[in-house]
Structure formats: C-alpha cells, structure tokens
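As you go down the protein sequences, you meet chains D and P in turn. With my numbering applied, the first sequence corresponds to residues 235 to 348, in that order. With my numbering applied, the second sequence corresponds to residues 376 to 488, in that order.
Hint data in this document are derived by calculation from the structure and do not stem from the laboratory. Heads up, none of these hints are tricks.
With a Cα cut of at most 20 Å, we get these calculated SDA-like pairs of lysine to any residue:
| no. | chain 1 | residue 1 | chain 2 | residue 2 |
| --- | --- | --- | --- | --- |
| 1 | D | Lys276 | P | Gln480 |
| 2 | D | Lys276 | P | Met423 |
| 3 | D | Lys276 | P | Val477 |
| 4 | D | Lys276 | P | Glu378 |
| 5 | D | Lys276 | P | Ser448 |
| 6 | P | Lys417 | D | Glu235 |
| 7 | P | Lys431 | P | Asp458 |
| 8 | D | Lys276 | P | Lys377 |
| 9 | D | Lys291 | D | Ile254 |
| 10 | P | Lys377 | P | Ser444 |
| 11 | P | Lys417 | D | Glu278 |
| 12 | D | Lys276 | P | Asn402 |
| 13 | D | Lys276 | P | Lys417 |
| 14 | P | Lys417 | D | Val246 |
| 15 | P | Lys377 | D | Ile272 |
| 16 | D | Lys276 | P | Asn397 |
| 17 | D | Lys312 | D | Phe295 |
| 18 | P | Lys377 | P | Tyr446 |
| 19 | P | Lys417 | D | Arg256 |
| 20 | D | Lys276 | P | Pro385 |
| 21 | P | Lys377 | D | Ile294 |
| 22 | P | Lys417 | D | His244 |
| 23 | P | Lys377 | D | Glu278 |
| 24 | P | Lys417 | D | Arg344 |
| 25 | D | Lys276 | P | Pro383 |
| 26 | D | Lys291 | P | Val477 |
| 27 | D | Lys291 | P | Gly468 |
| 28 | D | Lys276 | P | Leu422 |
| 29 | D | Lys276 | P | Tyr414 |
| 30 | P | Lys417 | D | Ser321 |
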Amino acid sequence: EPEVTQTPSHQVTQMGQEVILRCVPISNHLYFYWYRQILGQKVEFLVSFYNNEISEKSEIFDDQFSVERPDGSNFTLKIRSTKLEDSAMYFCASSDLGGVETQYFGPGTRLLVL
Amino acid sequence: QKEVEQDPGPLSVPEGAIVSLNCTYSNSAFQYFMWYRQYSRKGPELLMYTYSSGNKEDGRFTAQVDKSSKYISLFIRDSQPSDSATYLCAMRGGIQGAQKLVFGQGTRLTINP
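Required output: the full structure, derived from the provided sequences and hints.
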C-alpha cells in the first residue's frame, strides 16, 4: 500500500540553526500538507500546497517557515532560524483531490531544538 | 469555545467491550469528518471518514455524524488490545481550497486483556 515517507525520523539542532524536513508524498497525490504536534498537544495545521504554490497557511506558518517541491517527488519544510518552541513532531500529509479525498499522514520527524 | 473538543481520557475498558469516542465542534462549515488512530510517537492513521451527516460502518468500527447537534462519534465493537491507541477526530470545511484539518485533542484508549 502506498504511503507517505519522511526523513529524518529524528533531528536535533541548536537554536538559530536552519533545518529542512523532507517528505515523499504518495505518488499520484496532488495536495501536500505540513502539520505539527507539540508533545501532549493537538495536531496543528501549518500549510497546504497545490500546483507549486501555498494554498492555505496558518498563523503559525510565519516568515521563518517555507515549503518547496524541488522535484517531482519530494516536498520539504524549511525552518530558517529555529526556536526552542519549534520543538515538535512534524507530519507531512498528502491527498489526491483537495475537495473530496482525505489526507494520509507520514510517520513524522521529531525535531528537538536545544 | 474551542473549534473541536474531545475528551482526552484516558479511557480504559476490558477486551470485548463496546467503546464510544466522541467529539463536539462549533464550526457549522465543517462537512468532512474523520477519525484517525495514532500509536505512540507515530503518525495519525486514517480509520474512517464521513461526509455530512449519517452513519458509516467498516468492520468493527462505526462512525456517526449529527450535524444538527455538532457531534460526532466513533464506536468500536468487540474491542481488542490492539485497538489501544490515541483516537483523533478531525474535520474540515466543504469549500474547495479550505483543506486544513482541525483536530481534537485525542482520546487515549486502553483495551485490557
């Protein structure tokens, strides 16, 4: 069964450093998403991406964040200057049709900012 | 009022029991309702999704949506220890482009052998 994959599974970084989290969505999906889950809290939406542009973003997704689809398979989330409060589990998701199909999640990248 | 509310539990039941998990919501624009299962330190795994009101059954799982009450439920029949996980409700609007999922807090469920 096709699945979303994410790398790395764990990332430890120093405050102020840049990190790039990588995702390979399900191959025929057209919509891509990033969510995060701070330990013990809800899963929160960050951004959705379709047709090579951001279609929706939350207030969390400020100028420190960016997303990119550098090729036909990868989808990345970049945090330019990490803060302590960026420590969380980051999930990538993808869906086939944004209006009908629902979203399938990857296993997540656990980011720890020291 | 929170957009989606879900009792975090924990909920502990004996094997074979019927489990009822619930969420309430405040946004009447929500049209799609999902239940995800999340094992510790893993990604959410889609269990079921329902469009608008009504019931949907899949094996031991039944999802119900009551839009008039803004209330959704997931029932698990003949619960098994392998059903032990955190169950997340999630919902989104029906407008094309309004794709973000809004999640509940999650209910931690333990099925005791």
